[in-house]
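Peer 1: Single-letter residue listing:
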Amino acid sequence: MEIRTTFRKRLHDIQQELMAMGGMVEKAISLSIEALKERDLKLAHQIIADDRKINEKRFEIEETCIQLIATQQPMAGDLRTLISVMSVITELERIGDHAEGIAKIVIMIGDEPPLKPLIDIPRMADKTIDMLHRCLESFMNCDEKMARSIAAEDDEVDDLYDQVYRELVSYMVEDPKTITRATRLLWVAHNLERCADRVTNICERVVFTVTGKMYETNVSKY
Amino acid sequence: MNMNHALLNNRAAHNNETKLKTEQVSLFYGTFQALRNISLDIREKAITAIIGPSGCGKSSFLRLFNRMNDLIIGARVDGRVVIDDTNIYDRDIDVVELRKRVGMVFQKPNPFPMSVLENVAFGPRRHGKKNRHELEGIVERSLRQAALWDEVKDKLGQSALALSGGQQQRLCIARVLAVEPEVILMDEPCSALDPIATLRIEDLMRSLSSDYTIVIVTHNMQQAARVSDMAAFLMMEKDRAGILVEYGPTSQIFTNPQDKRTEDYITGRFG
Chain A
1296 MEIRTTFRKR
1306 LHDIQQELMA
1316 MGGMVEKAIS
1326 LSIEALKERD
1336 LKLAHQIIAD
1346 DRKINEKRFE
1356 IEETCIQLIA
1366 TQQPMAGDLR
1376 TLISVMSVIT
1386 ELERIGDHAE
1396 GIAKIVIMIG
1406 DEPPLKPLID
1416 IPRMADKTID
1426 MLHRCLESFM
1436 NCDEKMARSI
1446 AAEDDEVDDL
1456 YDQVYRELVS
1466 YMVEDPKTIT
1476 RATRLLWVAH
1486 NLERCADRVT
1496 NICERVVFTV
1506 TGKMYETNVS
1516 KY
Chain B
117 MNMNHALLNN
127 RAAHNNETKL
137 KTEQVSLFYG
147 TFQALRNISL
157 DIREKAITAI
167 IGPSGCGKSS
177 FLRLFNRMND
187 LIIGARVDGR
197 VVIDDTNIYD
207 RDIDVVELRK
217 RVGMVFQKPN
227 PFPMSVLENV
237 AFGPRRHGKK
247 NRHELEGIVE
257 RSLRQAALWD
267 EVKDKLGQSA
277 LALSGGQQQR
287 LCIARVLAVE
297 PEVILMDEPC
307 SALDPIATLR
317 IEDLMRSLSS
327 DYTIVIVTHN
337 MQQAARVSDM
347 AAFLMMEKDR
357 AGILVEYGPT
367 SQIFTNPQDK
377 RTEDYITGRF
387 G
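Chains A and B are the protein sequences, given in the same order.
When the count follows the working numbering, it moves up by one through the first sequence with no breaks and lands on 1517 for the last residue.
When the count follows the working numbering, it moves up by one through the second sequence with no breaks and lands on 387 for the last residue.
Be aware that one or more of the hints could be misleading.
[Stated by the list, open to error] Straight-line alpha carbon distances no greater than 30 Å define the calculated BS3-like cross-link-like pairs of lysine-lysine that follow:
id, chain 1, residue 1, chain 2, residue 2
1, A, K1304, B, K269
2, B, K161, A, K1304
3, A, K1411, A, K1337
4, A, K1304, A, K1322
5, A, K1411, A, K1399
[As the list claims (entries may be wrong)] Selected chain B positions facing chain A (in silico; Cβ < 7 Å):
id, residue
6, Q338
7, R342
8, S367
Hints were generated in silico from the structure; no laboratory data involved.
The beta-carbon is built from N, C-alpha and C at its ideal position, and this holds for glycine as well.
Turn these sequences into a full structure, and let the hints guide you.
Peer 2: Structure representation (C-alpha cells):
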C-alpha cells in the first residue's frame, strides 16, 4: 500500500508546474527571435509583459516548495527534488529574463535596416530551446544520463556564438557605421549563449536529484 | 502578490463554513483554571491541529467538543461551545446523541475484546440497528473508509486484539465511522504507533477530511504540519491556564507565524 499519497501528489503537482513554467520560457525565447526576425515591436512588448507572468510563476512554485519543506519533512530523493526545483525555477526565470532582454533589443533596433540575414542566431535559439525542453524532460524522468549528454551539447551553442561573433566583428571592421547594429545583434547572441549555459546548470540539478552528487558540467569558455 | 493559487490550496478544496466554535470558553477543574477565554472557529471538512507544550490544555480543549470533561468531577465550562448553531452545553442537550455526532479516537488503540466485526458493529447496534444485513454493510463500509477492509476482510470473526497496533487504531477509527459522525476528535492518535503506521493514519485522515471535520491534538509538531489545514497554538500563562496564542492556516503557522511566541515554539526555542 502506497503511503503519503497526498504529499506525493503535491510533489508531482510541483513538477507539473515546473514543466508549465518551462513551456512559458521556451515560448518566450522562440517569440523573441520571431520578433527580431519580423521586426515585430508589438510582439516584443508582449514578451516583456509576459515575463512578469514567468516571474510570478517562479514565486508561486518557490512558495509551495517552502511550504512542503516546512510542513512535510521531505527526505532523501524527495528533499533533493524540492531543493532542485527551487534551483531550476531560478534558472528558468533568468532564461526568461534573457528572452525579455532580446525583446528589449528588438525595440531598440526599431525599424533600422537589417544588417544581414539572420541565420546563426535563429539556429542558436532553436538549439537552446531544444536543449531546454529535453533537459526538463530528463528532470521529470530522472534521466541523469540524458541530462549529462544535453549539458555536453552546450559546445554547439558556443560554437555558433563564436561564429556569430566573428562575423559581426568583421562587419564592424569593414564598416564602422555598422557598429551599433552589429553590437545589438551581438547582445542577442550573447543572451542566447547565456540561456544555454543556464540549461547546463539545470542539467547539473538533474544529476544531483538522481544521484545526490553535486556535478559541474564543463565550465563555459566565456 | 496573491499566493492563494491552486498549488498552495490543493490540500482538498475546503469550504470555509464553520462547523465547531468556541466563544470565550474557560474551563475549570475545581479552582484550577485549565483554559482561559478561548475563541476559535473550526472549519467544516478540514483538519485542525491543536499544538502546544505539555500541560497547555490541548486535550482539555479537544474534550470540550464531546463533553468528555463532564466526566471529571469539579469540571466547569464558561462560555459557549457551538456545533453548527447549537450550544452543546445547553441543558437540554442529549450527551449520548452528541457523542454519536462527535466521535473520538484516543492515544492508545482501545479495541474491545471481541471480534473485528463486533467492534465495528458495536456502536450502530447500541444506536438501535439490529438487522444483520444492514450491520454487515455498515461494517464493510466503515472498514473500507478506514483503509482496513483489505487487511481484515478474511478475519472479521477473529479477535481485534490480534491485530497490529496500527491496524487496531484504524479499527478504532472504523468504529467511530460506523455511527456516522460529523466530527472526529483525535487525541494523539499516533503516539503509540511506529512511523509507517503513523503515516498510514495520516493518509487516512487526509482522505476522511473530505467528508468529516477532524480536530487532532498532537505533541508531534511535524505531524501537525504534515496533516492539518489549520493549526492552533496554545500555551500556558503563569497560572498554568491555557490560552490561544495563534490560529491560522498550517502553511502560515509553520512558515511565517505572526506571533513571536509561536515562532519560538515552532523553532524549538522553548516548550
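Peer 1: A closest beta-carbon separation below 7 Å is what the hint needs, so does B:Q338 meet it against chain A?
Peer 2: Given a least distance of 5 Å, the restraint on B:Q338 holds.
Peer 1: Between the alpha carbons of A:K1304 and B:K269, is the straight-line distance 30 Å or under?
Peer 2: Between A:K1304 and B:K269 the Cα gap is close to 28 Å, so the pair holds against 30 Å.
Peer 1: Is the hinted pair A:K1304 and A:K1322 satisfied, with a Cα-Cα distance of at most 30 Å?
Peer 2: With Cα atoms ~27 Å apart, A:K1304 and A:K1322 stay inside 30 Å; holds.
Peer 1: Quick check on B:R342 please, does its C-beta sit within 7 Å of some C-beta on chain A?
Peer 2: holds, 6 Å
Peer 1: Taking 7 Å as the limit, does the beta-carbon of B:S367 come near enough to a beta-carbon in chain A?
Peer 2: holds, 5 Å
Peer 1: Please verify whether B:K161 and A:K1304 have alpha carbons no more than 30 Å apart.
Peer 2: Given that 30 Å is the threshold and the Cα spacing comes to 20 Å, the pair holds.
Peer 1: Are the Cα atoms of A:K1411 and A:K1399 separated by 30 Å or less?
Peer 2: This hinted pair holds, its Cα atoms lying about 19 Å apart.
Peer 1: Quickly compare the C-alpha distance for A:K1411 and A:K1337 to 30 Å and report which way the hint goes.
Peer 2: With a Cα-Cα distance of about 22 Å, the restraint between A:K1411 and A:K1337 holds, given a limit of 30 Å.
Taken one by one, the earlier hints all hold for this structure without exception.
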